[in-house]
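> Sequence:
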Amino acid sequence: MGKRQIRIFAFGGNEVAPAGLVDENGKAIIPDIAMQWKRTKETCEYISNIVTSFPEDDYILTHGNGPQVGNVLLRSEYSRPILPPLPLDVCGADTQGSMGYMLAQILANQLKTKGINKQVVSIVTQVVVGKDDPGFQNPTKFIGPSYTKGQAMERAQIDGWVVKLYKKDEMGNEIWRKVVPSPVPLDIVEIDLVEAALEKGMVPITVGGGGIPVVLEEPDKNGVYHSNYGFTFEDGKDLKVYRGVEAVIDKDLASALLGTMLLKRAKEKGEGVDVTLTIFTGEDGAKLHYQKPDQVNLRHLTLEEAKKYYSEGHFPAGSMGPKILAIIKFLEGGGKKAYISLTSKYLETLEGKAGTTIVRE
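Using the numbering used here, you'd call the opening residue of the sequence shown number 1056 and step up by one each time.
Note that these hints are calculated values from the structure, not bench results.
From a predicted model like this one, the values you see are computed outputs, not experimental measurements.
Glycine included, C-beta positions come from ideal geometry on N, C-alpha and C.
Accuracy of the hints is not assured; some may be wrong.
[Unchecked claim] Pair by pair, the computed Cβ-Cβ distance ranges are:
1) Glu1229 / Ser1374: 15 to 25 Å
2) Asp1214 / Gly1285: 18 to 28 Å
3) Gln1192 / Gly1285: 21 to 31 Å
4) Ile1084 / Thr1195: 21 to 31 Å
5) Gly1327 / Ile1088: 36 to 46 Å
6) Ile1088 / Asn1352: 28 to 38 Å
7) Val1244 / Gly1075: 31 to 41 Å
8) Ile1213 / Lys1362: 21 to 31 Å
9) Glu1225 / Gln1350: 38 to 48 Å
10) Arg1320 / Asp1214: 19 to 29 Å
[Said to hold, decoys possible] Straight-line distance between alpha carbons at most 25 Å, and here's what the computed PhoX-like set of lysine-lysine pairs gives:
11) Lys1347 / Lys1222
12) Lys1295 / Lys1342
13) Lys1255 / Lys1058
14) Lys1186 / Lys1384
From just these sequences and the hints, can you work out the full model?
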């Protein structure tokens, strides 16, 4: 009997909400719920075809939530006169629930039409980060709506936000936005639930948006654990008490951590498991000299080649860079093979005809 195969599929937020839509005047269109359902169905059609091609394998879905959490924050901003604002960890949980619901329902329905009766389950997932992560000292992740400098400074004074210049518009006006830390993921609180779902033959959806960022609290000298909003816990010893923090975790790094944790835990149990990580993007794989006349498609890379190109700065921080870094961490953590692919070209990517395949050796 061969090794158990687990395929982790990491989607961007645009796999649920279409990106780049504009009206006849060139103004950006914010996708409504009907558009989001339509886009989700397109994504799930591709995934159901993959499951049909490899029906004996196990599958895990992860997803980004950038557009969606931005919308939640925007609603929260507009409703400030009548409702209290939402903290970022709660916004993350909100999007995990709504996006997980959409993906789970449509994928399960899609699989049924192909005679595959797999239950798809969404897990609202907490991901542990370190209190001393350097990201907390230098927040860099832009989130939420745009402001003038004056508005941003007012929010910084009243609400304690960290704000930074985002860019200038075509008229030269400064656009400012809130920034939050983007710490490195260290642990997944609900990993047991993910494994339990896999053992039952389910398709778990987890670490949505990189996971809800939480830190592990230490007890004070009296053995009391302090959490958010003045809550304390003191019953028992060596408790694992978590509290949410204002941060955003990179979903590809969280997906890589998920893969390495599954491999490590399987090894500790003496189980034979192979895990592959696929990061779905809007581009047909990684490229050198992106959008330049000498652009080169990178169809196959070794880990060492990926590390070399990454260190040389070939992959921008705002696009392919985090995906390559996540794959490097996944392969260094025990994975043997990872892919960067369009959802529509996954099967071609497996054949080396599309996308990018990165192998440990």
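> All hints, please: hold or fail.
We went through each hint and held it up to the structure:
1. Glu1229 / Ser1374: 15 to 25 Å: holds, 24 Å
2. Asp1214 / Gly1285: 18 to 28 Å: holds, 19 Å
3. Gln1192 / Gly1285: 21 to 31 Å: The hint (21 to 31 Å, Cβ to Cβ) holds, given that glutamine 1192 and glycine 1285 are roughly 25 Å apart.
4. Ile1084 / Thr1195: 21 to 31 Å: Hint holds: Cβ distance 28 Å, inside 21 to 31 Å.
5. Gly1327 / Ile1088: 36 to 46 Å: With a Cβ separation near 43 Å, glycine 1327 and isoleucine 1088 satisfy 36 to 46 Å, so the hint holds.
6. Ile1088 / Asn1352: 28 to 38 Å: holds, 36 Å
7. Val1244 / Gly1075: 31 to 41 Å: holds, 34 Å
8. Ile1213 / Lys1362: 21 to 31 Å: violated, 44 Å
9. Glu1225 / Gln1350: 38 to 48 Å: Between glutamate 1225 and glutamine 1350, where Cβ atoms are some 27 Å apart, the hint is violated.
10. Arg1320 / Asp1214: 19 to 29 Å: Given a distance of about 41 Å, which is not inside 19 to 29 Å, the answer is violated.
11. Lys1347 / Lys1222: holds, 23 Å
12. Lys1295 / Lys1342: violated, 43 Å
13. Lys1255 / Lys1058: holds, 17 Å
14. Lys1186 / Lys1384: holds, 21 Å
The structure shown violates the earlier hints numbered 8, 9, 10, 12.
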